[in-house]
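Student: Sequence:
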Amino acid sequence: MKTRNTILIALASVMMCACSLDEYPYGFYSEANFYKTDADALAATNYIYDAINYIEYSRAIVFLGDMNTDVMYPKGDAKTSTKELDAWKSGTFKTNTTLYNFYKYSYITINRANSVIDNVAAMKELDQDIRNQYVGEAYFMRAYSYFNLARNFGRVPMHLVPVRKLEDATVGAAKTLDEVWNQIFSDLDEAIKLTGIYPTPVTGRTDRIAAYSLAAISYLY
1 MKTRNTILIA LASVMMCACS LDEYPYGFYS EANFYKTDAD ALAATNYIYD
51 AINYIEYSRA IVFLGDMNTD VMYPKGDAKT STKELDAWKS GTFKTNTTLY
101 NFYKYSYITI NRANSVIDNV AAMKELDQDI RNQYVGEAYF MRAYSYFNLA
151 RNFGRVPMHL VPVRKLEDAT VGAAKTLDEV WNQIFSDLDE AIKLTGIYPT
201 PVTGRTDRIA AYSLAAISYL Y
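Heads up: the sequence shown begins at 1 in the working numbering, then just goes up one per residue.
In case anyone wonders, no lab produced these hints; they're calculated from the structure. One or more hints might be untrue.
As the list claims (entries may be wrong) - Listed next, the in silico DSS-like pairs over lysine-lysine satisfying Cα-Cα at most 27 Å (straight line): (1) K36 - K124; (2) K104 - K79; (3) K94 - K124; (4) K36 - K193; (5) K104 - K94.
On a predicted model such as this, the values are computed, not experimentally measured, just so you know.
Let the hints inform the model, and build the full structure from the sequences given.
Tutor: Shown next, in the form of structure tokens:
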């Protein structure tokens, strides 16, 4: 009798342990268990901006614009990649870490923006004005990323949906440079339509004024 009770207790313990395997995955988020609340939508939108805060990206923005001019020059102990940009050694561009990091973080930003455009727009329970603002900011950030990519690399791969599997990460370059710019204009039109104007400046966030400004600069190209 004692043996049978012991076995039953052991089986019950195993079943209880098995049930615990179905616990909510607090440390892992995916499209299946995210995009449920207002806080999720805000976090996803903020996550877009996070990608351009890396110094490898923000430094490259300045270097690519001014390093090969008289406005800026590298220090004596500057990295090799910085000196190569200053001398405009095009033969080393394929291995230049500054260019590599700028390119990489641009597409990280684009993919996060695509995720917000695809998922937050579908959150019908979210207040419409808030939903429009977040999706509009995502359109702006995608346009901003392609704006910088087009200026520096010309025809680049066009990612307009989130990367969900390996095959999604490998797309060909745009057929023409106009294709890239037309997408930039289209995204900025959406940003202008969806975003509002903050009554007081909000540091680090884009709004309709920012979208109009980037559109004006883009049309000059």
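Student: Evaluate each hint against the coordinates.
Tutor: Here is what the structure says about each hint:
1. K36 - K124: holds, 10 Å
2. K104 - K79: Status holds; Cα separation ~19 Å.
3. K94 - K124: Roughly 44 Å between the alpha carbons, so the hint for K94 and K124 is violated.
4. K36 - K193: holds, 25 Å
5. K104 - K94: holds, 13 Å
When held up to the earlier numbered hints, the structure conflicts with hint 3 and nothing else.
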